[in-house]
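> We have chain Z; now place chain D with the ligands onto it with these hints.
Number of protein chains: 2
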Amino acid sequence: MNQVIELIKTDVKKEKPAANALGFGKHFTDYMFVMDYNQEDGWHHPRITPYAPLVLDPSVMVFHYGQAIFEGLKAYRTKDGRVLLFRPEKNVARLNLSCQRMSIPQIDEEIVLDAIKQLVEIEKDWIPNEEGTSLYIRPFIIATEPSLGVHPSREYKLMVILSPVGSYYSDQLKPVRIYVEDEYVRAVPGGVGFVKTSGNYAASLKAQEKAELLGYDQVLWLDGVERKYIEEVGSMNIFFKINGEVVTPKLNGSILGGITRDSVIELLKHWNIPVKEAKISIDEINQAFQKGELEEVFGTGTAAVISPVGELKWKDTTMNISKGNNGNTLANRIYEEITSIQLGKAEDPFNWTIEIK
Amino acid sequence: MNQVIELIKTDVKKEKPAANALGFGKHFTDYMFVMDYNQEDGWHHPRITPYAPLVLDPSVMVFHYGQAIFEGLKAYRTKDGRVLLFRPEKNVARLNLSCQRMSIPQIDEEIVLDAIKQLVEIEKDWIPNEEGTSLYIRPFIIATEPSLGVHPSREYKLMVILSPVGSYYSDQLKPVRIYVEDEYVRAVPGGVGFVKTSGNYAASLKAQEKAELLGYDQVLWLDGVERKYIEEVGSMNIFFKINGEVVTPKLNGSILGGITRDSVIELLKHWNIPVKEAKISIDEINQAFQKGELEEVFGTGTAAVISPVGELKWKDTTMNISKGNNGNTLANRIYEEITSIQLGKAEDPFNWTIEIK
Ligand SMILES: Cc1ncc(COP(=O)(O)O)c(C=O)c1O
Ligand SMILES: Cc1ncc(COP(=O)(O)O)c(C=O)c1O
Numbered sequence: 060m061n062q063v064i065e066l067i068k069t070d071v072k073k074e075k076p077a078a079n080a081l082g083f084g085k086h087f088t089d090y091m092f093v094m095d096y097n098q099e100d101g102w103h104h105p106r107i108t109p110y111a112p113l114v115l116d117p118s119v120m121v122f123h124y125g126q127a128i129f130e131g132l133k134a135y136r137t138k139d140g141r142v143l144l145f146r147p148e149k150n151v152a153r154l155n156l157s158c159q160r161m162s163i164p165q166i167d168e169e170i171v172l173d174a175i176k177q178l179v180e181i182e183k184d185w186i187p188n189e190e191g192t193s194l195y196i197r198p199f200i201i202a203t204e205p206s207l208g209v210h211p212s213r214e215y216k217l218m219v220i221l222s223p224v225g226s227y228y229s230d231q232l233k234p235v236r237i238y239v240e241d242e243y244v245r246a247v248p249g250g251v252g253f254v255k256t257s258g259n260y261a262a263s264l265k266a267q268e269k270a271e272l273l274g275y276d277q278v279l280w281l282d283g284v285e286r287k288y289i290e291e292v293g294s295m296n297i298f299f300k301i302n303g304e305v306v307t308p309k310l311n312g313s314i315l316g317g318i319t320r321d322s323v324i325e326l327l328k329h330w331n332i333p334v335k336e337a338k339i340s341i342d343e344i345n346q347a348f349q350k351g352e353l354e355e356v357f358g359t360g361t362a363a364v365i366s367p368v369g370e371l372k373w374k375d376t377t378m379n380i381s382k383g384n385n386g387n388t389l390a391n392r393i394y395e396e397i398t399s400i401q402l403g404k405a406e407d408p409f410n411w412t413i414e415i416k
Numbered sequence: 060m061n062q063v064i065e066l067i068k069t070d071v072k073k074e075k076p077a078a079n080a081l082g083f084g085k086h087f088t089d090y091m092f093v094m095d096y097n098q099e100d101g102w103h104h105p106r107i108t109p110y111a112p113l114v115l116d117p118s119v120m121v122f123h124y125g126q127a128i129f130e131g132l133k134a135y136r137t138k139d140g141r142v143l144l145f146r147p148e149k150n151v152a153r154l155n156l157s158c159q160r161m162s163i164p165q166i167d168e169e170i171v172l173d174a175i176k177q178l179v180e181i182e183k184d185w186i187p188n189e190e191g192t193s194l195y196i197r198p199f200i201i202a203t204e205p206s207l208g209v210h211p212s213r214e215y216k217l218m219v220i221l222s223p224v225g226s227y228y229s230d231q232l233k234p235v236r237i238y239v240e241d242e243y244v245r246a247v248p249g250g251v252g253f254v255k256t257s258g259n260y261a262a263s264l265k266a267q268e269k270a271e272l273l274g275y276d277q278v279l280w281l282d283g284v285e286r287k288y289i290e291e292v293g294s295m296n297i298f299f300k301i302n303g304e305v306v307t308p309k310l311n312g313s314i315l316g317g318i319t320r321d322s323v324i325e326l327l328k329h330w331n332i333p334v335k336e337a338k339i340s341i342d343e344i345n346q347a348f349q350k351g352e353l354e355e356v357f358g359t360g361t362a363a364v365i366s367p368v369g370e371l372k373w374k375d376t377t378m379n380i381s382k383g384n385n386g387n388t389l390a391n392r393i394y395e396e397i398t399s400i401q402l403g404k405a406e407d408p409f410n411w412t413i414e415i416k
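Top line first, the protein sequences correspond to chains Z and D.
Here my numbering runs 59 ahead of the position in the first sequence, where the first position is 1.
Here my numbering runs 59 ahead of the position in the second sequence, where the first position is 1.
Source of the hints: derived by calculation from the structure; they are not laboratory data.
Any given hint could turn out to be false.
If several chains are the same, the list does not tell them apart, and a pair holds so long as it fits within one copy or across any two.
Derived EDC-like pairs (lysine to aspartate or glutamate); straight-line CA-CA distance at most 20 Å [said to hold, decoys possible]: (1) K309 to E343; (2) K233 to D167; (3) K338 to E285; (4) K85 to E214; (5) K265 to E214; (6) K338 to E304; (7) K85 to D116; (8) K216 to D116; (9) K73 to D116.
Chain Z on its own, in the form it takes in the complex (with noise of 0.2 Å):
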């Protein structure tokens, strides 16, 4: 495509949030990208904008048939004031992905990924520094056309919204309390489950809404077909050590290939750490716990990198996996070295962070 991404300027600079103000997805800064899609002319007029609302027909097909897909990901700020993204292409590439199976046009991911370091950088100082902060970036692509039948639309925005916070979870690594959901399903092998759009997340609400009622902090969600095998938790993919070995479900077509995930997977192979991903049944891991050889349990994802899970609620069964986290455990060793590539702490042997400037 190779096409030159303009830039409109903007005077008004909105004053910035202090660091414990700033929650998740609260704030915007003072620029969006954004990118259009026709027919005629495909995905075209790339552009760095003041951020601003959209002004949308109430037939616009995003708010009747949901087509509608985004990413996530986070620039850090370095102690020497350097400005890091981690594993950017991944998420261009899961983009993509998402594209294809929402009937979405593919983008450029060259374009989409100069747009992501080209907004930043310009946006660096709203990247905070404080511990656990970070700038949160948002690409997302919404379909435009105003029209209610029911067939991919032939208009698409595709823009980008970028959001200091803080760490997602109020006390990072304090472990949470997950719900073993078993009467709710999210996705299924044919769905939708294994990309990021917009439906998957509302149709996840009701239960999460269960959980927290019920006195927990997140749903863990079986397959839909058996209700037996373990997916996924609400934003973040989960990792078992049994018996000194590291387990997470395979990528089966329902559940989401987090970049976390296949972080945290390369990590411990560098490490000699024993990790396979496999098709795990909650009784398998219900066994374990019984037997004294649940050691771990841990969710991956980008908003809160690495959570450890201290009990899981499946049924009658109570799991109490947490015996004090005494920072000695596998998740906090793998939350240590993510976190401290991603802030330019450590090496980066797997060239996982890219610098902009």
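Positioned in the frame of chain Z, the structure of chain D with the ligands alone reads:
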């Protein structure tokens, strides 16, 4: 609630499209209905206001997490100039069912029904006169909280827009050719297939594209667990007439409870034609076909009312059903009866229609 609907007038009137240029959901009338939700005021400020674009922050939740639901119904103009709605209270009740599953606050059904009536009354000149045309009514709710956290939105907009439409399918009673999908899955029990949420339609696009590529008009979905039980068509429920008896898949939690489906069942009972709701496998249908007992197949839905199916393609099997659509089919008889009720040409023993005045 008992809220008064405010009317915000406009003198700007669009030109009405010619009957042969209507299409489906391409043209919209001069007014729309809007009502807002926030946590302090609940659903508030119901108003009929000039049709106009929405101004929405790029972070509003509908773009990212697909919390959006909709309905579809029609207003018809009778020969003697009256305006009729067909079972609108059913659509409003189903909207609330969708709210419930998608964690959207319940609406006051009376006020929404009232809004639909008032809006159609104001826009009655937009109802086209020609055979097969009507005014399509699209109520919908979108999540409008500007936030990237995954949780039920704390702000919503409920809107109703109106579109004068021709028949959804260009040739009304021309039998459609249907591809039985055995790779992609639309919905599964425990999921959201039984409500009208936007993501269900986005998830169906890929299979629809595939069917069209293979030369078929629509997809027939099989269940997502065993991949053998019949569910429904893209936006229609499905009926089979086998050996004089009519059967349609029973509502199992993954298919939509169509209002046309319900009306057809009531009508058949009224006519003393045997009809049942049951779990039906595609195998059974094929066996009936091979034995020469599959007499008719038809879809039911608001858009086309009744749509005869001429061919079912399942793996290597082609079932040719319509042995010449000679006008003596049950599908045609049902179509005639329901459209006659809708257009005020026949008596309405079921009290299905509501006159607007
Ligand atoms: C459903 C789901 N699973 C897993 C993940 C973790 O993926 P990643 O590590 O790429 O952030 C996410 C978040 O992106 C998600 O939304
Ligand atoms: C998935 C689906 N199934 C069935 C139907 C038919 O329902 P109704 O008869 O209420 O229009 C529709 C259309 O509303 C639909 O979207």
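> Tell me the hint numbers this structure goes against, listed in increasing order.
2
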